[in-house]
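**Student:** Residue numbers (UniProt numbering), protein chains in the order written: chain A, 1 to 437; chain B, 1 to 437.
Mixed in with the good hints, there may be bad ones.
For chains that are exact copies, the list does not tell them apart, and a pair is met inside one copy or across any two.
Simulated crosslink set (DSSO-like; lysine-lysine; CA at most 27 Å straight-line) [unchecked claim]: (1) 371 to 340; (2) 241 to 303; (3) 102 to 371; (4) 241 to 102; (5) 372 to 103; (6) 242 to 103; (7) 371 to 242.
Hint data in this document are derived by calculation from the structure and do not stem from the laboratory.
All values derive from a computational prediction rather than experimental measurement.
Protein chains: 2
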Amino acid sequence: MALDLGALALKYTGLAVSDHDSIVAINIFIALLCGCIVFGHLLEGNRWVNESTTALVLGLITGGVILICTKGVNSRILIFSEDIFFIYLLPPIIFNAGFQVKKKQFFRNFATIILFGAAGTLISFVIITFGAMGLFSKLDVGPLELGDYLAIGAIFSATDSVCTLQVLNQDEAPLLYSLVFGEGVVNDATSVVLFNAIQNIDINHFDVFVLLQFIGKFLYLFFTSTVLGVAAGLLSAYIIKKLCFARHSTDREVAIMILMAYLSYMLSMLLDLSGILTVFFCGIVMSHYTWHNVTESSRVTTKHTFATLSFIAEIFLFLYVGMDALDIDKWKLASSSPKKPIALSAVILGLVMVGRAAFVFPLSFLSNLSKKESHPKISFNQQVIIWWAGLMRGAVSIALAYNKFTTSGHTAVRVNAVMITSTIIVVLFSTMVFSAC
Amino acid sequence: MALDLGALALKYTGLAVSDHDSIVAINIFIALLCGCIVFGHLLEGNRWVNESTTALVLGLITGGVILICTKGVNSRILIFSEDIFFIYLLPPIIFNAGFQVKKKQFFRNFATIILFGAAGTLISFVIITFGAMGLFSKLDVGPLELGDYLAIGAIFSATDSVCTLQVLNQDEAPLLYSLVFGEGVVNDATSVVLFNAIQNIDINHFDVFVLLQFIGKFLYLFFTSTVLGVAAGLLSAYIIKKLCFARHSTDREVAIMILMAYLSYMLSMLLDLSGILTVFFCGIVMSHYTWHNVTESSRVTTKHTFATLSFIAEIFLFLYVGMDALDIDKWKLASSSPKKPIALSAVILGLVMVGRAAFVFPLSFLSNLSKKESHPKISFNQQVIIWWAGLMRGAVSIALAYNKFTTSGHTAVRVNAVMITSTIIVVLFSTMVFSAC
Numbered sequence: 001m002a003l004d005l006g007a008l009a010l011k012y013t014g015l016a017v018s019d020h021d022s023i024v025a026i027n028i029f030i031a032l033l034c035g036c037i038v039f040g041h042l043l044e045g046n047r048w049v050n051e052s053t054t055a056l057v058l059g060l061i062t063g064g065v066i067l068i069c070t071k072g073v074n075s076r077i078l079i080f081s082e083d084i085f086f087i088y089l090l091p092p093i094i095f096n097a098g099f100q101v102k103k104k105q106f107f108r109n110f111a112t113i114i115l116f117g118a119a120g121t122l123i124s125f126v127i128i129t130f131g132a133m134g135l136f137s138k139l140d141v142g143p144l145e146l147g148d149y150l151a152i153g154a155i156f157s158a159t160d161s162v163c164t165l166q167v168l169n170q171d172e173a174p175l176l177y178s179l180v181f182g183e184g185v186v187n188d189a190t191s192v193v194l195f196n197a198i199q200n201i202d203i204n205h206f207d208v209f210v211l212l213q214f215i216g217k218f219l220y221l222f223f224t225s226t227v228l229g230v231a232a233g234l235l236s237a238y239i240i241k242k243l244c245f246a247r248h249s250t251d252r253e254v255a256i257m258i259l260m261a262y263l264s265y266m267l268s269m270l271l272d273l274s275g276i277l278t279v280f281f282c283g284i285v286m287s288h289y290t291w292h293n294v295t296e297s298s299r300v301t302t303k304h305t306f307a308t309l310s311f312i313a314e315i316f317l318f319l320y321v322g323m324d325a326l327d328i329d330k331w332k333l334a335s336s337s338p339k340k341p342i343a344l345s346a347v348i349l350g351l352v353m354v355g356r357a358a359f360v361f362p363l364s365f366l367s368n369l370s371k372k373e374s375h376p377k378i379s380f381n382q383q384v385i386i387w388w389a390g391l392m393r394g395a396v397s398i399a400l401a402y403n404k405f406t407t408s409g410h411t412a413v414r415v416n417a418v419m420i421t422s423t424i425i426v427v428l429f430s431t432m433v434f435s436a437c
Numbered sequence: 001m002a003l004d005l006g007a008l009a010l011k012y013t014g015l016a017v018s019d020h021d022s023i024v025a026i027n028i029f030i031a032l033l034c035g036c037i038v039f040g041h042l043l044e045g046n047r048w049v050n051e052s053t054t055a056l057v058l059g060l061i062t063g064g065v066i067l068i069c070t071k072g073v074n075s076r077i078l079i080f081s082e083d084i085f086f087i088y089l090l091p092p093i094i095f096n097a098g099f100q101v102k103k104k105q106f107f108r109n110f111a112t113i114i115l116f117g118a119a120g121t122l123i124s125f126v127i128i129t130f131g132a133m134g135l136f137s138k139l140d141v142g143p144l145e146l147g148d149y150l151a152i153g154a155i156f157s158a159t160d161s162v163c164t165l166q167v168l169n170q171d172e173a174p175l176l177y178s179l180v181f182g183e184g185v186v187n188d189a190t191s192v193v194l195f196n197a198i199q200n201i202d203i204n205h206f207d208v209f210v211l212l213q214f215i216g217k218f219l220y221l222f223f224t225s226t227v228l229g230v231a232a233g234l235l236s237a238y239i240i241k242k243l244c245f246a247r248h249s250t251d252r253e254v255a256i257m258i259l260m261a262y263l264s265y266m267l268s269m270l271l272d273l274s275g276i277l278t279v280f281f282c283g284i285v286m287s288h289y290t291w292h293n294v295t296e297s298s299r300v301t302t303k304h305t306f307a308t309l310s311f312i313a314e315i316f317l318f319l320y321v322g323m324d325a326l327d328i329d330k331w332k333l334a335s336s337s338p339k340k341p342i343a344l345s346a347v348i349l350g351l352v353m354v355g356r357a358a359f360v361f362p363l364s365f366l367s368n369l370s371k372k373e374s375h376p377k378i379s380f381n382q383q384v385i386i387w388w389a390g391l392m393r394g395a396v397s398i399a400l401a402y403n404k405f406t407t408s409g410h411t412a413v414r415v416n417a418v419m420i421t422s423t424i425i426v427v428l429f430s431t432m433v434f435s436a437c
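I would like the entire structure built from these sequences, with the hints used as guidance.
**Tutor:** Listed below in structure tokens is the structure:
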């Protein structure tokens, strides 16, 4: 049960973090993060860019410079790892999403959000999986099994709505914002749960019973994860209310809130639940109860601290993805026939668009049917925006693809390299193009 | 130049962080951190305890429980690593010290602080080194070389004034507080610089020229580290003033401040300077200039965020030290003659007390001599408190001892195990006893 932080600090070369190269890498990375904030701000007037795309582009440029400096040997100062993503970067982003969400709008549209986020993602997953099974064989991608196709369905069902939310305004379009936002979080949770469920399923004995088991497990995860998050949030509220920290109160209150939120996420991971859902609902409960039990300065501090941590994690992520995109080994391996990843990416993008259209319009119709006269309905224009907003694929897709198709960020199999490079192309293209339009 | 975060996430067993055991370890650790805050608060009325001692005791208890659960095989869920200490835990603590210091008092007593922190630490270092050379041979510790004795001098010259500062009150005893506080930071920097200088020195060709070189290098490090920290602080003030972040301003301002401060520390490490001094002066400049350029909510947020991060890092550290203290392998190795580490610790504690007395009283006398009539002098009672306050040995000593006497937290040599266990005894004893009196 010993987690050796000393060994955690070992590089894959066997040297410690305190060695010179790693310190150089950390310095470059932090300087780039600062650069992203500064450039992102300077380019703010331009509607084609935001911090995320700035970070992506800066990451790509840095990767290119390193590639030239190392004479084509290496493009990365940090190698993407889904552990880092799921343990350090995702929790602050999702927690902040829950903490800052406008709860009134969110719960008013709760049914629609769950419909889009859970049922919609499942529809999209089915369409992408079957589409990939039908079309990939014509591209001669390589030997993929049923499990791989199911994983591809889950990987490309995970949307990335961070960029859209930077364009949509919470005050001007509250209905749209809460729908896109809520769907994004539920969708992230659904696709991760789906992905994990697929990894554990016995594909050779697939029948109705297994399907029912699968659905049952899915609902169980959804329910227990939510309950755990709510419980952690309420416990933090109770502790802070009971203890009445006096001297140094703010530091202790903020520390308790940060630690309890992270604990809820890790506990959820420990129990094999969905950490994303848990920490999201923990954020909602904390902003609704705990936040009102703390001092005035704690309120200001928590609000901005969580936003800042989430902001840094997001830039870190996009910088990371941009830098990782130029990894020369995978491209060499994948590009024995250079057109293949591009053709594959185009097919995937098409499937993503069809898969999303296949649930946004029918489910909006259903949602409108069930609404009373007084409630605002989702107009066709809004449906198009919702469809468009969910086309971006981001870090969740990358993390899942790395989990499925690599071992610790490395692969030597051609078909895996093709899948990774295609995922990167889809993410770069969709983030750059869809977020700018 | 690739820092493989994937491999960073590898345990020493070769498994990834996402494996079950590591998640259990992280959960226990975060739960313990929460426990320390809650217990530390509940026991606040008691003058014998504070968060630090609570964390130490909780760490010891947890270590004991794990030792029993694993039937004496293991006591640690996290293995102490000086990389983690110097890269993640120390920077927020020292930066916050600089950020929150009362600058008026600090600069009024600047000469005395430097005298105590730099010259005093050197005197203490010389006395402990020569004392150890004279007394250790009588205890039959094992084969120690001149380099080892010099390292021991540096290791036990590093004070830990965190605990004292929790007892002293900045408003009631401003002179004492600023002296003890300032000396603590300068002392940390001096002993780390000393330790590194000793590691690089050629002991076999030691003469006056080498000594002069050593002193020259020491002054150079002191000066350049300070300049780097001041420059980083001023640059952050300039960036924030020039950019005038409008929307999301607080998040960006806070992010820039955190990132620039950390960058200054890592840059200092990269240039082989003293990161502690750099980040301390960066904190001072940021609180003096940058802090006045940001919005009101950023001021509240930064003040409390830095305090909270430092608070969490401190508890983490003491918990870590407490848990590591029961590492069964080292004790088995060291205790072939069980009295040895205890006798050795007693000798070291004696040397620490003598070494500190040897500079506090003479240097206070010098400082009083040079002061004009109008300035408050350091009374004898205050001198005793200053002497007492610096007797505690803490995480810096542990980190340096691990650096010198282990390889990635492990050792198989008996004399090294004896030195590590003695360091742990000195730290536990001095923290528990001296901070409580």
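**Student:** Next step is simple, just say for each hint if it's right about the structure.
**Tutor:** How the hints compare with the structure:
Taking identical chains as interchangeable, the C-alpha atoms of residue 371 and residue 340 are never at most 27 Å apart, the minima being 46 Å within one chain and 80 Å between chains. Taking the shortest alpha-carbon separations for residue 241 and residue 303, both the intra-copy value of 19 Å and the inter-copy value of 23 Å come in at or below 27 Å. In this assembly of identical chains, the alpha carbons of residue 102 and residue 371 lie at most 27 Å apart only when taken from the same copy (21 Å versus 61 Å across copies). In this assembly of identical chains, residue 241 and residue 102 lie within 27 Å of each other by CA distance solely inside one copy; the values are 24 Å within and 32 Å between copies.
Only within a single protomer do residue 372 and residue 103 lie at most 27 Å apart by alpha-carbon distance; the minimum there is 21 Å, versus 63 Å between protomers. With identical chains, the CA atoms of residue 242 and residue 103 are at most 27 Å apart within one copy only, with a shortest distance of 25 Å there and 36 Å across copies. In this assembly of identical chains, the alpha carbons of residue 371 and residue 242 never lie at most 27 Å apart, being 42 Å within a copy and 50 Å across copies at closest.
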